[in-house]
Each structure stands twice: as C-alpha cells, then as structure tokens.
Amino acid sequence: MSAPLSDPAAPAETRESASRERREKLWRFLSDWQAMVGLVLVVLFFASALFAPWLAPYDPNAMDIPARMSGPTWPHIAGTDQLGRDTFSRILHGGRVALYISAIGVSASLSIGLVLGMIAGYGPRWLDNLMLLMFDAVRSFPAVILALATVALTGPSLTVVLAIVILTTIPSYGRVARTATLALRHTEFILAERSLGASTPRILFQHIMPNVIGPLLILAAMEVPVVVSIEAGLSFLGIGVLPPQASWGTILNEGYLVIRDAPWMVIAGGIPLILTTLGFTFLGEALRDVFDPRMGRGR
Amino acid sequence: MFTYLLKRLGLAALVVMAVLLLLFSMLHMIPGNPAILALGTRASPEAIAEYSARMHLDKPVLTQFVYFLGNAVQGDLGQDVFSNRAVTSVIGERIGFSLALICTGMGWAVLLGVPLGCLAAVRPGSWLDRVTGVFSVGMIAVPSFLVSIWALLLFSLELRWLPAIGAGEPGDLADQLSHLVLPAFAIGLGWVGYLARMVRASMLEVMGEPYIRSARAFGLKPRRVVLGYALRVAILPTITLIGMGFGGLISSAVFAEIIFARPGVGKMIFDAVSDRNFPIVQGGVLVATGFYILVVLISDLLIAWLDPRVRSSL
Amino acid sequence: MTNDILLNIEGLTLDFRTNRGRVKALRDISFPVRRGRILGIVGESGSGKSTILWSILGLLAGNAEVTAGRVEYGARDLLTLNAEGLRAIRGEEISVVFQDPMTSQIPVLPYARQMSDILYRRSMSEADKRKAAVDMLRRVGIPDPDSRVDAYPHQFSGGMRQRAGIAMSMLTGPNLLLADEPTTALDVTMEAQMIGLMRGLRDDFDTTIVVVSHNLGLIAEMCDDVVVMYAGEVVETGEVHDIFHNARHPYTRALLECDPARIAEVSRKLPVIPGDIPDLTRPLPGCIFADRCQKAMPDCARVAPPQVARGGGMARCHLLEGPLADASWPPPADVVTVGRDLGGLAPAKVRNDAPPLLDVHDLNVRFRTMGPLKARMNGVSDPFVDAVLDVSLDLQPGETLALVGESGSGKTTLGRTILNLQSASGGSVRFDGQEIAGMAEARFKPLRRDMAMMFQDPVGSLSPRKSVRALITEPLVIHGAQGRDLDAEAERLADMVRLPRSFLSRYPHELSGGQARRVGVARALALNPRLIVADEPTAGLDVSVQGEILNLMADLQAEHGLSYLIITHNLPVVRHIADRIAIMYLGRIVEDGPAAEVFARPAHPYTRALVEGVPQPDPDRRRPPSATIEGEVPSLLRRPKGCDFASRCPLAQEACRRAKPEHIHIAPDHRHACLFPLSTTSDLTETA
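Chains as they are written, first to last, in our numbering: chain F, 341 to 639; chain C, 51 to 364; chain E, 58 to 745.
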C-alpha cells in the first residue's frame, strides 16, 4: 500500500499493460497540439536543410547588384542584401549549417556527457568530485565569453563554434547522467547485479545506461535550440561562420549593419531561428511530459 | 556551518584557479610568441622585450604560471595594449554598466516569472496556466540576441519610444534608466518564461508530496498551504536555478551590450577580441567568470541557510 | 440511528480513472463507526482500505470519483459538504495520523510552527499555542519538549517523529482520529509503544479512532471493532473477538490462518491463499473472493452473496444463508480451511558433523560518519561508527540461520559484508574453509557461483529494463554460458520457482510482489549455489502470499541442500523456518541458539522484548502496557559504553553500564551477551 491514493494497481491488471501503455503514450503524444506543432516544425527544419540546394530559388552566393537591398517582393520573397543575394536562398542554406552543428554538437556532447556522468556517479568519491569540479569550471565560462576568448587566439571558424558548443553543453548532460547514476548506484538491483558478479562495465552499460539514457535524450531535444542559438549568436558576432557562407547568424549580422535601411533582413533571418528553436522546445517538452512526467509539467 | 563555508569557499577558489589555468594555458598553447600574441604584431621589439621580461617568458612555463597567479591574486591583470592603462581600472569603469544590466534583467524576470509559475501551479489546466505555458515556451525558445535586435528595431527605430544605443549621459539617472530598459527587457524575457515553468514544475511536484496532504488534512487554508508550505519548499531548487542561470544571463548581456552599444564588460571583451588586445580579454573573462562563481556561491549559501536539512547536515 | 454512532458510511462506491480504464476501487462500502471505540479496517494491498480514510476527509486523488454513497458525520454528509465546511472539520473534529512520518511532515518548518499552524482557528496567543504544543508533545512521550518543540522533523528519530505526528493530530482534541498504517514504518518495539500510546490517548481524550492496517496483530491488540476488506469490498465486520475467534467469511478465515503468528506448532510449510487479487476494472458480478475461495461453488462467481447479520456485524457469503448455505460452515477454529501444501520433500537434514559452510569470526564493519576535515574541525578524533561489532557466527550445510534485529541493528550490513559487497574492517569470514574477507573482486568472482543473495525489495532488486528471461539467465551469462541453451535454461529456472513460462517475456514492473520474488529466487538459484543470503524474503508481500515464497524456499532447500542465512525482523515467520536464530542489537549479536530454544527460553532481555513485543493476532492475548520496553534503538553515534541495551533494559544494573558483556555459553549451541540473563526460569524476572 505504498500509493493507495492514486493508483490501486492490482497485479492482475498488469497483464497486457506494457504494450497498452506504449500505445497509450503514443496516443497522448499525438493528441497534444504542442507536440504536433513541434514535430511539424522539426520536420520542416530537417527537410529544408537537407533539400536546400533543390529548394532554394537562387544560388545563395550569387550577387545581383542591380537588385540589391530590395524589399520582400517577388521573386525575392525575403528580399536581398547589400550585395543583391537572395535572402530566402541564404536562409535555406543557412539551415544546413544549423543542422550540421546541432547534429554533431548534440550527439558528441550527449555521448561524452553520458560516459563522464556515469563514471562520476558510479566511480569513487574523489573521481566524482573531480568531475564535478571540471563541470563547474567549464560552466563558469558563459558560452559567449569562452568563445570570444578562444577566437581571440585562434580566429573565427566553424570548428571553433563546434568545439565551444560541445564543450559548454557537456556539463548539462554530465550532471543529469551523474545524478541519475548516483540515484541508481545504491539501489537494490545494482547491488543484486554486483552480488551475481557482474563487472563494472556490464553494470554501467547494461543496467545503468538504459535507465539514464531516456532523460538524456529528452534533454538533447531541449538542447538543440541552445546549440542552434549559440551558432547563430556567434556567427552574428562575426566569430563563427565566416561571411561569404550563409548562416542565420551571418544573415542577422549583415542585416544588423543595415537595420535602418533594410529591416526585413533581421526579420527574415530571425524567423527560421525562432521556428527551429520553438519546434525543438515544443517537441522536447511533449516528449518529457509523456515519457518522464516527473521531470516536467506533470499533468 | 563553518566547515561548509570553508569547503564551499575552497571549492570556489579551486574553480577560479582552474579558470586561471585555462586562460593561461590558452595563451601558451597557441603556437607563436606569447608576447606578440599579447601585444599585437605592430608592437615594437622593445615593447616585446619589456613584456617578455615582465611576464618572465624566459622562465619555465610552470614558473610563469606562478607569477601569473601571483599577479592575478594581487589584482594585477596586466595593461591595456593600446592605452597602457591597468586592465583593472579599465574594467572598473565598465563593470557598473554590466552589473546594472544583469541585475535588472534577472530582477524583472524573477518578479514576474515566480508569481506566474505559482499561479499556474495552483490551478493546473486553467486558462492562466495554459496561456503562461505557451507563452513561456515561446519566450524560452527565442534567443535573447534576437530579442535584442527585434526590440531595437521595433521600439527604437520604428516606434522611437526608447533610445537605441549607449548607456545614457553620465549623471543623468533618467536617461541612463531609459537606456537600460530595452537591453534588460531583452535579456530577461527568456528567463520570465523559464522561471515560470520551473517554479510551476517544482510547485506541482511539491504539491504532490505527502506533507502537503498532511497540511490539508489538518484543515489549513489553501493560501497557507500554497504560500507557507509548498512555496517554502519549491523555492529552494528555484534559487539554485537562478544562481546557475546567471551564466546564461552573462552571455545574453554580452550580446545586448554589443547590439545596444552599451559600454559594459561584454562590449569591452568583444572590442578587445577584434583588436587582439589580449590582456583586456583575459581580464574581462576573469571578471565575468569570477562574477558567476560568486553568484553560484551565494545561491548555495542561501540554500544552506534556508533549508534546515542542509543546514544541520553541515 | 442511535447517538452512539459517530460516523456512518453508507454505500460508498468509488472509481479511479486510470489509463487502464475505470478501476472500481470501492464498491458499496457500509459500516458505522461507534463513538468512543477503536475500529480497525484490515485488508491486504489493493483492498482499498486507505482509500476509505481519504474519502472521509475529502482528500482523494484527482482521478478518484465517488459514484454513490454517503459518509454521515452528525447531520452532515461529508461527501457533499463544500470545501469550507470540510476544512472546518479537518484537523479540528477529524484528524489523521499518517503512515510514514518521514514524508508526511514538512521538512523545512519546526514542530512549533507546524503545530501552531494547526491551531490557527483558535483565538489563542502564540505563546499559548506554543504551550499547547509543548504539553501535547510531553503527553505523547517526547522527552524535553520545551526545547524539542523547536526541532525540525529530520532531527527526530523515526519513533519520535511518529509520536510528534500523533501529537499534531491530537492537538485539537478531535472527536475522530484516523490512523493510516500508523506503525508500518516502525520497528517492533516501537510498534508496541505506539499501540499503547494510542489506546491511552483514546481513554484520556475520549476520542474515537479508526485505524487502517494490514497487520493482524495490531488490529487484534488495539481495536474493539473490525472491518475486513478484500478487493474493494467489505466482506465481514464485527467485534474484534468475533472476527478473530469466530470468523464467518472464508477470506477472513483464510487470512487469519495464513498468519504465521497464529500457527501454534512449528511448521516449515505455511498456508497460502492461492491466486491473485482480481482485476478491479472488471470485478466479478458475484462474490469478489470467489476465484480464490476454497469453498467456492459455481454460483458464487455469478450471484452476489447475501449480507448476513450477527450482533452488530455482518458477513457477505453464500455459505451462511440462502440456497447455497452450508450448515457445517464455519468449521471449528482448529480446522484448517486453506490449502496447505504439506507434500514435497521432507525438510533437509542439517549436517552438524560437517565443517561449517560459513564461519564468521569477530567480524567488524565500520562506517565513516564525516569527512576528515569536518572531524578535525569539530574535534572528533574517531569519525567512525561500528555498524557490525565483533560478530561471530557459523552456518552448517543445509541449515537455516535467521539473523533478527530492528532497523539499525547491522543485520543487512552483515549480510552484505559476508557476500563481499561491503568491505570489512576486521575479523574473518571463511566460506568452505577459505578466507574471503577483503578478497579482491576478481578473485572473489568464482565464489559468487556458490553464494547468492536475495534482496529485500522484490521488484526493486530487478533491473527494470530487462525482461524476466534476461534477468534469470544473467547469472549464467556473467559466469560464462558457453554452449548452454539460454532459452532452455530460462524455462528450467522458471519451472523450478513455479513461475509460468509465459512470464519470461515480461518486465519487472509488470510483476506482482510474489512473482517478482520468484524471479529473485530463480536468479539466486541459477548457478546452484550452496549458500543463499536472503534479506527480508517476505518484505513487501501480503500475508496470504508470503507462504508461497517460504514454502518454495523450503522445498528448494530440501532438494539442493542449500544453507540459508535469512535476515529479517519478522519473528513469527522466523519461528517456523529457522533452525537457529541470532539476535542482533546495534551491530552486536546479543543472543544466538536453536530457534525453538530461543523462543521458549530467551536469555537476553532484548530477545524477550522482541519475542513478546510482537502484537499477537489474538484479542485475548493482549499484553499489559508494562510488557513493552521503553525507548528506541539509540543511534550508532551514541553507542552506550557498557551493554548496548542497558539504556532500555528494565533489568539493567550499574555493572551493565560499565563494560560490554562477554558472550557466555549456556548450552553448547546457545550463547548470550548479558550479565544478568533471564536464566532459564522465570524467577529472576519476577524479582526484578
């Protein structure tokens, strides 16, 4: 009678509950309008980035001096910049950079953070303390400050952006993985595995990881907006993607310089950024609500 | 309690050390002469020689680090490459602008976000809850630098309600405040949403705890249960969150300072990066991280003071 | 309705809306609560007994929906009363004692504040409220209440917290006190004290009490009236003597017969009620107990049973009235009505001539209590506690040794240390003659084939994302399963622990406690070990199910010649299954010997307190309040200098407080550590 109030689960009722529960969860996910909006936006992001070369009406770097600084009119639906390049085509191609950074950045920091976090949570106390100190030290650098410091030495490049993204997001995954591992460490099932003679790698990867990975994947969905924003922000500052290449950040940068004369550029450059971050945030939230209700809104 | 304070201070010192080590090694990991890196390629050979002697560049790296550390502890962060003024005094001139911005930004976010989160948690599923839910996700999702740009476009350039750039005339408080409004709005907006959601989640979790049911079973008034009991517990994780949140806020402030041409530390670092004025970059980064470490330290101590469980386990 | 009825529940019917559909959690619940009496609601998990309490208070979960019924309190119906009206009653007229004092008291407010908050409706000064709180804390037995009132819940021990919880609920002098499993989170000696306290409060304050419990002993010891629940229905009500001595419903009979404390003769095989609680989303139209009832007839499942009155109580059973009535029911009390599997193999023979399989000598386990820095700062020279102190014991092949103690006795630590899951700080552990204490894991691993462990939490000790098939074959995989057909092994093991093969593809959260426990047994047995350390093998299992597991363990012992080291606090069970028992207190063994001997003639006062402390499921054998020992197990941090038990011992003398008593043999296989043992006769206890 541990939770008599809410769920009088009788053992006999659990018979076919697993598959029913999965179907139930899927249904709940699909019937949430926020989840659907998120899903649509995320699909749009992937599709437009992957198929940009075929979707874009113009070469993103083709200059058309006579048509420079034209407002959002046909055939340039999002206007052109000071060199007469088509903003819409540049936005589509800019999505490729965002996709590239977020795919590599998120998967790299997720895997590194997972492993480090599990080691910190399961390993000896001193190792845990050392890891925490490292996470804290890295986190003490606000991402932009760290990027500025690095770029001061190396000069701007996409690689630096990627490195900054990975480095600054590892601690969030690491902390979540560590906390979850720490909570599991003294549970009876881990002790039971030890009593059977299971090796530490076996315990970590067979028994701890499956229980830790779920929240981490949800976190990853929520981190995509962060990563995309960092890239756009750094490129906006001129310390990320370098100017001839199109990125949402460089479009905003160029637009900011002519904000008084061509305000549509900062508007057009911002919209895909917002749609993408909104999409992933909605999706992440919905996933969390369905699969890990304790973490979030807890309906 | 005293042990805890000592431990926590020691830890903060360790993190600062790690930051210093990172800053130091960054300058030394780059191939090339650190003096030229620090002074710029236009520096005269004499200046380079003088710098090398002052920074003990002829000594082993470890010795150099000790000197570097020693200077940093004494408050000597080197000189501005161009004006030759002490980095500390350059920062001193600018830090006020950054602090005002960051504190105002977080301030309005807390004042709005925490009550919103509470209200939403008290009536989950109500229209207020749903509206705050959607709006807060929206606010979180928009990157703060984009808010800055769009706010600049809308409120300064189109509507001309508020000034666009700078920090206002020195001595004219009203002017300075009017220059503060837009950047503070821009960096705080996401935090309103974030705090509203976190407070709501944390409140809902606490509202499900058995001790809240006990309070209800003893017939306490709903107001008392929510404000005196649930919020009293739910606020604890929120404090930690706010402390950690300052890191992100510093990043946002850097953007806001650049976009609104506000002469704070962030703008200073950014300009110094373009000028390759490395001592200024180093000093600025150190101050920014130091500020963050201090804020986290304060929030941890606050928790230790507010939570009797933590207090007595110390 | 006469005036002696304080609260009357009439036809209460309640559903929970879940994603499995509507769970019909309570169906047509009716019973009166008589003024000035203690009513016990007894039932196993899933019976809905706690839900009744929450419906009285109007504090049901959001997914609960009352579809019919009334809860009459005076002229009011609590089910239709508005929020204001309910709040006026809660805490003032009807108050609650909660199951788990650890989670039901807000951790960030001191008791003074929590208690003055409860008095918010009274026009008293803050000073008077504080005084009222102090007085009530003193009444419930909190020492030094003037300063303790400012303490926070985490600064109290478990027993003190529950006392404080009772003080909070009694502060307003309520008419009705509801108690939800008030002793379940507490140790045996504390349980006896709480029962005494609550009975005393009832007399002093003239309060009516409704207590909900699964513990038959507590119900028999404490209550005047009893309501027996099964799967969301009241199956029988009556006065406590009628229920315990002359139960009429087959479920009540079966429940009582399954309680090991009521089985007089020692038996390795315990009775069980076969089957599981029914699916409450689709309850049977007839008798809810029909599919598990030994006396069930075909019509029982189809036709609702009649409600047959007796005295003030009733029972719902076809056997008592109507066309299916059976004049021979209920049979006399000594006739067993539940299935009792007496078959199987004869109990294993303990080989006393053989060298011991396990030989523990002077084993010590120390835990660090604070970091070296903090210890230095606070001037603590020895920042360690002895969780296990100089423990010696041995175990013969085929023998069952029970390690008995309350929480904090170090019994679980000792078990884990023997299996090298916890490092020892001194002493020796020999397994089959080989020294294993402090052995490196790499060298120890082969030995893990011979020594297995069963953990306390049946479901929680199974890796949640693994199927049953993967779980029970995992020991084989870890220890090299080359050439074995794992599917065949999985089926073999499932058959061995009588788990249907179809369960192999399930996951732990889809198992009931009993099924999960079987999986745990299968895992422990997969490698044919010689020793099994079982930590609370009946924890989390209902009385009607625990017999299945114990019987299975007994059969497997007989078949494989296993040795069991059983760690438990459950003395009634131990009496049936153990050959020998060892009693632990604060990390030390205070007495050990043959089970029958220790139960019949305990030498150590603590052993006697434990044996007598268990509430007897028989209202005629209620103990006088003086039979319980005072106080609570002290913290390891404050281990007494002399005999560990001296601070609570009714017979303690000056010498007891000076030095730890040595172990003394009173028979070759019976030792104790007491300076003034209860000798084997009772004369000493009487003079004391």
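FYI, nobody ran anything at the bench for these hints, they're computed from the structure.
Please note that the accuracy of each hint is not assured.
Stated by the list, open to error - If you want a taste of the chain C side facing chain E, the calculated C-beta under 8 angstroms gives, among others:
hint	residue
1	53
2	260
3	265
4	267
5	268
6	270
7	273
8	354
9	357
Heads up, the beta-carbon is just placed ideally off N, CA and C, and yes, glycines get one too.
Under 8 angstroms, Cβ to Cβ, is where residue 268 (chain C) needs to be relative to chain E, so tell me if that hint holds or is violated.
4 angstroms, holds
Go through the hint on residue 53 (chain C) and say holds or violated, using the shortest Cβ distance to chain E against 8 angstroms.
Cβ of residue 53 (chain C) sits 5 angstroms from chain E, so the hint holds.
With 8 angstroms as the cut and Cβ atoms as the points, is residue 357 (chain C) at the interface with chain E?
Residue 357 (chain C) check passes; min Cβ-Cβ to chain E is 6 angstroms, inside 8 angstroms.
Minimum Cβ distance from residue 273 (chain C) to chain E below 8 angstroms?
11 angstroms, violated
Evaluation of the interface hint that places residue 265 (chain C) against chain E, nearest CB under 8 angstroms:
7 angstroms, holds
A closest beta-carbon separation below 8 angstroms is what the hint needs, so does residue 354 (chain C) meet it against chain E?
For residue 354 (chain C), the interface hint is violated, since the closest Cβ of chain E sits about 13 angstroms away, which is over 8 angstroms.
If you take the shortest Cβ to Cβ gap from residue 270 (chain C) to chain E, is it below 8 angstroms?
6 angstroms, holds
Using Cβ atoms only, decide whether residue 260 (chain C) comes closer than 8 angstroms to chain E, and label the hint accordingly.
Cβ of residue 260 (chain C) sits 4 angstroms from chain E, so the hint holds.
Using Cβ atoms only, decide whether residue 267 (chain C) comes closer than 8 angstroms to chain E, and label the hint accordingly.
5 angstroms, holds
When held up to the earlier numbered hints, the structure conflicts with 7, 8 and fits the remainder.
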